[in-house]
Every structure is written in structure tokens, then in C-alpha cells.
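J.: So the protein lines, in turn, are chains A and B.
If you count by my numbering, then the first sequence holds residues 1 to 879, one letter each, in order.
If you count by my numbering, then the second sequence holds residues 1001 to 1118, one letter each, in order.
Honestly, the hints are just simulated from the structure, not real lab data.
Quick reminder that beta carbons are idealized off the backbone N, C-alpha and C, glycines included.
Some hints here could point you the wrong way.
Computed spacing ranges between beta-carbons, pair by pair [to be verified]:
no.	chain 1	residue 1	chain 2	residue 2	range
1	A	L435	B	A1088	45 to 51 Å
2	B	G1015	A	Q68	19 to 25 Å
3	B	E1045	A	E33	20 to 26 Å
In silico DSSO-like cross-links for lysine-lysine, where the CA-CA straight-line distance does not exceed 27 Å [said to hold, decoys possible]:
no.	chain 1	residue 1	chain 2	residue 2
4	A	K219	A	K229
5	A	K583	A	K508
6	A	K636	A	K607
7	A	K51	B	K1079
8	A	K51	B	K1070
9	B	K1070	A	K7
10	A	K647	A	K508
11	B	K1070	B	K1091
12	B	K1079	A	K7
13	A	K591	A	K127
14	A	K416	A	K327
15	B	K1105	B	K1070
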Amino acid sequence: MFGRKRKVDDFCEEIDAHLQFEFERQLGLGLTEEEAWAAARRAFGNVMQAKERFYESGRWLWWDHLRQDVRCGARMLRKSPGFAVIAILTLAIGIGANTALFSVVNGVLLNPLPYAEPDRLVALFTKGAQFDKFSISYPNFLDWSRENHSFSSLAAFRGDTFIMTGMGEPERVDANMVSATFFPLLGVNPMIGRNFEGKEDQLGAARVALITEGLWKRKFGSALDIAGKSIWLDGNLYTITGVIPATFHYQNENYHSKAEVYVPLGQWNNPLFRDRDTGMGMDAVGRLKPGVSFAQANSDMSGVANHLAEVYPDIDKGKGITLVPLKENLVGDIQPFLLMLLATVGFVLLIACVNVANLLLARSTGRNREFAIRNALGASNGRIVRQLLTECVLLALLGGALGTLLAAWGTKAALKLLPEALPRSNEIQLDARVLLFTLGASVLAGILFGLVPAFKSARSDIQGTLRESGRGLTGARHRTQSAFVAMEMALAVVLLVAAGLMIRSIGKIWMVDPGFDPNNVAFFSFSTAQPLGATPDAIRQSYRRIHDAIAAVPGVESVSISGASTPMYTDSELPFWLEGEAKPMSQADMKLALFFAIQPDYLKVMKIPLKRGRFLTPSDTSGSPVVTVIDERFAKQAFGNEDPIGKHIHFAILNQTAEVVGIVGHQNQWGLDSDSTSAIQAQCYFPIEQMPDSLLSAFDRGANGMVRTSYAQTDVAPSLSRSLQTVSSDSVVYDVQSMNGIISDSLATKRFAMSLLAVFAVLAIVLSSIGIYGVISYVVGQRTHEIGVRMALGAERSTVVTMVLRQAGQMAVFGVVAGLLTAAVLGRLMASMLFGVSFYDALTFSTVAAILLGVALLACWIPAHRASRVEPVVALHYE
Amino acid sequence: MSTQNDEEKLELLQGTLDLLILRTLIFGPQHGQGIARAIQETSDEELLVEHGALYPALQRLEERGWISAKWGTSSNNRKARFYTLTAAGHKQLGKETTKWRRLAKAIGRILGSEPVGG
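The following block holds chain A by itself, in its conformation from the complex (with noise of 0.2 Å):
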């Protein structure tokens, strides 16, 4: 592919022809063979200069001298299998760990959506006082998708649950309930079948299913003539459509990314998702027409806002269209906590690449003699800074190759480790661009650290190093050296710093008290196919039987079934006004509260304390006048310092007043880290017994519940199920979790980027004391004959000691202290990420300062201690 157009024995031959038709010649005029032989090379001139100018006139003469840099720098690299192993060693975790963090930016930030044309699909939302993602109600978002001019199509779409029976043990399944636009917007095509059609995606359609790959090779066993079969849900005969290829995958709020199933969202009969005034968990995705621009969209949608405030001005005054492009949406979080990750991994690079520098510049002294001769024999500088800098790309592109493995199983362990934390994951990959990436990585890092020691190499000085025999300009090499080192130091304190001040921040983020006990409690959800009640008081009684069938398991201390919110997990939201305040023009001018349906188990389970009066009892009922108990922040928030107990508060959605009879602790419901500065604090707890007929209908198949076990539970589902099944024989436990969990999942992110910084630290670690100890060991190495001179004259051991570890304090103080300067200036950009501490947390510093300098010490003892023990005559007759 890249041969030259002629080879070079081709032209050889054609003059060796020429000189044997001359030699003829000559023969034949009457010369001796010797003489004609002197003949014709006389008459050809230069048979060598000939030859070389052909050679040089080649067009690949580049390509000719890198093969010979190549396959001198293999072998220079087999003649020192130890420099090697070490040098590819290290860049291989450099460029590893760069190309795993790359993949993750790759597949998470920088790959579009794996839609069609993805850049115009938005995410769209309810804008609310509080709340800039907020549920859409279905009424509103048909008024949406009638009134836009922006978008060519909008889909709206609601995780549920069903029950599936008739095959094999009633099941549970994910299931989305989407608009029948929603897969042609994403242009997403079933694999067999169709996509929903509009008149099925209506109250009163017949019932049809989209199943996915996965339920369709599991339960139908890859049949073919899958359209036009059944399925049972939720005890309702549904038509299967078609199957969803299991390459789609859609994330977004409301969403169960695990569905199997998918409806047509319009057939749903739930009242409540007509009325206008009640998102039911559902959001939407839009597409852009070609030609509207986002800001476009954005002014339009805010009309249509505006038009509906003024038809329904109690219900849509003051709510707005929040509209996000579906990216931005997805990873818009995590994104700052990725750069942040990927410029450090950079460093760990940059640290390897300064370790390998002065392993060359250490070993380039026992090669000037060699570049010293090539020099001689008529090498240019360029080209003895070519070969060298090919020797190191070389070593690059092997640490590159090993990294590229490296990053393939780390990437694939770390994302097991912590699903949760990324969007996208499932998309993370080594592709193209991520090895091209690794490429030029590799490539870069070899320049980089071969750049200053080639130099170097060169530009020696030739006579000197040949008289010397290779000892020469030590003293210029060995400052190189201890610079190189101190930067090192420096890189690491800053990864160090990084580290230091997430750990330290997650520290302080378990430390914040949760305002419930969390320990040997666990969440559950549970559903069932047949409705738990044919009449309210039925689904009452049910719920109390569920109750009591769980307390009597034995280990189960105290137990309540929980509706709306869950700490750290689900939300939902109440409007309220005060007894004595005017009723605000529409919801969205009340305040909000945080909104509990429970057992009066609930304060047992949670051991939440009792403030003040009582908490909720059974015999709270449907008989009885309505009562809610209240947190202390709603107390301070809406009464201050007056009294709350015995006063009323209306309720929207509820459509209720209830009498406030206690006041709880505060639980914390938006996470550790960001619960205080949430807009929504105030907290309400209403009695299931209380709930009104309308809203009972929405817990007729299931609802979520907590359970305290007197002991850590490992796997209560089995027990859970089997009592619930003495009340409802086709009933479902799912997504069982303990509190514990759930808390730290909601630390996912967090403790992501924690874990990689740490890691990152402690190779930046390894990697730097690696560097400080090669390079005193250097030294002493060099100083071997000065230093038996000063024994001889007299100097004592310890203070030979003194005096290398003093040389090496000196490179550590430096790096440490430019590490800490740099770290306070670059601290700023990670502050968001902190929580509790501040970006030059004194603590952080001077530990890891300490740290730093300990490991340094450690690093340079060794060298030291050899140091003393020269013997001085062995050190005198050295050379």
C-alpha cells in the first residue's frame, strides 16, 4: 500500500546491466578484463551516489525512515524488557482510565439520542409555582397538541403496572400507557405488527397491547403470528398489536424505562385523568416541525399557556409549559459531575506521562553514547528527535492497546457496581470514536513525554559525551528530573484535593439526620388483577385486612400501607389554603404540601417523634370527623407561633377540611443533600380510612406500603406475598427495597464520581511515588562518588540520610505546595458538586498535604538508606 512506486533493487539491477554492457564494450575495443572493467565505471560516474540519489528521489522516503524508527525503537524496547513493562504499565492505566471515562462521556453526553433525528424531540411539562416539571393533566395536554404550531407531533405517556394472568403465576409487569403518536414520533416501528392507531387511543376502543421483544421471547416464545393474540392485564382481555424491538429504550420522569407492555393511554377510564385539575404522573415528548426552532417553540407553547389561564382560569392560572430538549433533559444532570471526572482522569494521564518522561530521561543517559556516535556518523538532530519521539509514541500506542482492554472490563465493572448513577448506560460503549479518541490519546501522550527527553538527547553535547563515556551534564538532567517530579506532586494533590472533598461531602451527607430511622425498614409495592373493593367501604376494609394479614407475619413489628408520598422515592403534592383566608383564585396561587396516605402504623414504622397532640388512630374513619397530622415545618410555615392544633385547613384535589390534631418530625423527603433547600416542605399525613370515594379508586388495585422487621431484613417479599394472598388470591409483591437502600440509591450520582475520584487519587498516588523514588534513586545513583568522598572525609550516615532526603523534601514541598494552589483556584468549579464543606476545606488540604509529603518521604527512605550504606572504597573505585 505505501511500497515506493520502484524498488530500490530494481534500479540496482538496471545499473549492474549497464555496467556489464559497458564492461562488453570496453572488452570488445581490445581491453583486459581488469581495465575494462575500470573503463566503464569511470564512464559511469558514481555508482553509489547514484544509487543513494535514486533512494532519496523516492516519494515514501518518510515512510522508509518511520519503518526503520519503528522497528529500531521494538528493538530498543526488547533490549530493556524492564524499562518497558514499566513504561507501557503505567500509560496503560493513564490511557485506560481516560478511554473508560471517555466511553462513558461518549455514550452518555456526546452520541445523539438513538432516535430519528433526536435534535428536535423536547420533553414537555407542566410549569408551576414550585415546580418546573410538573405532571401534565390529560385534558390539558390534548388542548396542547391542538393549539401548538411548533410541533409536528406530541405524545404523552404514564408508567402503571398490570397484573398479567393466564400465563403460568399471575405476574406483574412495567407498563406504559403512551399516546398512539408516541412510537411514530420517536420513529421507533414494531419489529412484527403496527403501532397503536389514533382511534384506538380513546375512551371506549377495544383494548390493544404492544408487547415488548423481551415479554415476546419469554412468554409467546418468539411466535411469529404474535398479532391478533391475547393478553390478560389486569383481569381485561388486551389484543397484541405488535413487538417492540428490544433495542428501544426511552428515559424521561413518569416513565417505566422496564416496561414490557405498552397501551394506548386514551382508553384509560380512571375519572381523575379527565379532570383538569389532576395529573396523574404523566408527561410528554414533542417533535419539533422542521424550521421551528426551540426558543420558537418555547414563545409559542407559552401562548397556548396563556390562552388556556383565560378559558380555565381556576385551574390553569399561573401555570406555565415547561419545555427541555429531550437530551438536556436526560443527562443535563449529570453532565457537570462527567467533565468534571474526565478533566481529572486527565491528570492520572498527564501524571503517567511525566513518569515515563523521567524514566527516559534517566535511561537517555545511558544512551547519549549511542546518540552521540549516530550523531557523529552524520545523523541531524531532526532525525535522532524523530526516532526517539517514534520510540515513545510506540510505547504509547502499546500502553494505548492494553489501556483499551483495561478500560473495556473497568467500564463494564464500574457500571455493575452502580446502575443507578447513569442515564443511558445500557448505551455506553467502545465505538469508533471512542478508539479513535484512545488513538490520538495515545499518540499525544507519547509526544508529550518523549518531547523533553528527546530534546534533551539531542542537543548533548557530542564531543563531551564521548569523552565521558556517557556520564555527561548530569546536573542539568537531574533538575529536569526533580521538576517533572514536583509537577507530578503537584497533579496528585489536586486529584488528591478532588477526592478528598467528595468523600468528605458524602460524609456529611450521611450525617444528615433523615428524620425517620431507616434501619430494618423496607418498601414494598404490591398490586393485584381484580379490583381490592367493589365499593369504597369495601376497598377500606380490604386495606385494613392487609394490614392486619402483614402484622401477624412473624418478625414483622409494625406495618402500614403507604399511598402519594414515600420518603427519597415517590412524591405527591397537595394544594392548601388556611380556615379564615380566602380561597385562592386557582391552585395554582395555593401552597403546596407533601402529601401522606397511611396507617396509623405509619409513626411506629418510620419511629418518626411525636411533637405535639396525637398522632392518627384507628379509629379515625370514614365515620368520623376529618383530621390530618402535620409536620413541624408545615406548623412554622403556615402558623407560626401560633398554635396549629384544632385548626382547619382545606385541602384541594381532596376536596376536603381537615382538623390539624398533631405535629410530627420533619422527614426527609427530597434526599439528604437537598431536602432544606427544596421549595416544598411542609408535610401531611391523612388516614387511608379518610381518603375521599373519588381518590380511593385510584389504591383499588394496589398501593405501596412500609414494614418494619425486627431484624435486618434480608428477603421479606416471600412473606409479604404470602400474606397479601390471604386477601387477594391474585395479588403481587413487587420492587421490594429496604430504606437503607433507597437512601443511598438516591446518593447514586454522588457516590459515582466519589468512587472514580478516589480511584483516580490513588493511582495519581502510586503513580507519583513511583516517579519520586526512581528519581532519587537516580540521584543517589549518580552521587554514588561523591557521596563515598564525603564518607571518606568523614560525614556520617544519618547525615548522608539528611542529605538526599532533603533534596527530595525540596521536589515534594514544591509539588505540594503548587498542588494546593492549584487545587484552591480549580476547587471553584466543583463547588456545586460539594455539600457541608467548602472548595478549601482546611482539613482536606493539610491531610491531603500530609498525605502526600508522608508518601514522598516513604518513597525516598529507601534510596537514602542505600545512600548510607556506601562503602567508600567501593564508591571510590567506581569507574
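Here the structure of chain A is known, so what remains is to put chain B in place on it, guided by the hints.
T.: Here is chain B on its own, set in the frame of chain A:
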């Protein structure tokens, strides 16, 4: 010795070697040594052609597409690389010849007529 002493021979002017090679090849394919000999003999041994210098010129001409080369067998059954004039080469030869004649004439005019018995 049948050959003239090398010192008395004329050195080639810059650029003329290409012209001479093309001109020589008008009589048919020829190998490198043949071309060198032909130039020397046709010029009555007046010109000094260093055979080695021939090859960069041949290479240049080949790259420009004025001649093509192929390994073949010589009259005495030896392997040799034969050069052939291409159509483009023919055209180039015409141009170069005209140019050279004009140049020679102009220089001749400046130098005046040849002294008798010179």
C-alpha cells in the same frame, strides 16, 4: 586509443540531456547504456555524458510520462530495462527541438560568424 581524452570533451548544458535522450529514443527502444553510447557516438565523441547522470534524467522523464520503461532482452540475450518514447514524449521532443534551435541561432548571431581556420 580510439577515444578522445575526457578532458577535451564538452560538458552538457543544463537541460539538454533530456532533449538528447528523447531524440535518441526516436529510433526505437533502447536501454540506459545504449542511450549513453548513442549520444556520445552521434556527437562524434564530442559530448561528455557521465553515464550515472543519465539515470535521474531517465527517471524524471519517466515520471512525466514522456518515456516508458520495460524489462526486456537485448540483442546479445541479456536482461535490460528498455526505454520507449511515448506519444507525449514525441510532442515534447518537437517543442524542445524548436526551442533549442532558436536558442542556438540567437547565441550564434550574438557570437558572429566563425573565424576561418579556427
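J.: Could you run down the list of hints and mark each one as holding or not?
T.: Quick rundown of the hints versus the structure:
For A/L435 and B/A1088, the hinted distance range of 45 to 51 Å is satisfied, since their beta carbons lie about 46 Å from each other. Between B/G1015 and A/Q68 the Cβ separation comes to about 35 Å, which falls outside the hinted range of 19 to 25 Å. Between B/E1045 and A/E33, the C-beta spacing of about 24 Å keeps the proposed range 20 to 26 Å intact. Restraint check for A/K219 and A/K229: satisfied, since their Cα atoms lie roughly 12 Å apart, inside the 27 Å limit.
For the given pair, A/K583 sits about 42 Å from A/K508 by alpha-carbon distance, which is inconsistent with the 27 Å threshold. Between A/K636 and A/K607 the alpha-carbon distance is near 21 Å, which keeps this suggested pair within the 27 Å criterion. Between A/K51 and B/K1079 the alpha-carbon distance is near 19 Å, which keeps this suggested pair within the 27 Å criterion. The suggested pairing of A/K51 with B/K1070 holds, with an alpha-carbon distance near 19 Å, which does not exceed 27 Å.
With a C-alpha separation of about 14 Å, the suggested pairing of B/K1070 with A/K7 holds against the 27 Å cut-off. With a C-alpha separation of about 38 Å, the suggested pair A/K647 and A/K508 falls outside the 27 Å cut-off, and the hint is violated. A C-alpha spacing of about 21 Å is found between B/K1070 and B/K1091, which places the hinted pair at or below 27 Å, so the restraint holds. Taking the CA atoms of B/K1079 and A/K7, the gap is about 17 Å. The hint holds against a cut of 27 Å.
Distance restraint check for A/K591 and A/K127: the Cα-Cα separation of roughly 15 Å lies within the 27 Å cut-off, and the hinted pair is therefore satisfied. Proximity of A/K416 to A/K327 is assessed by CA-CA distance (about 23 Å); at most 27 Å being required, the pair is judged to hold. About 37 Å separates the Cα atoms of B/K1105 and B/K1070, which puts this hinted pair outside 27 Å; it is violated.
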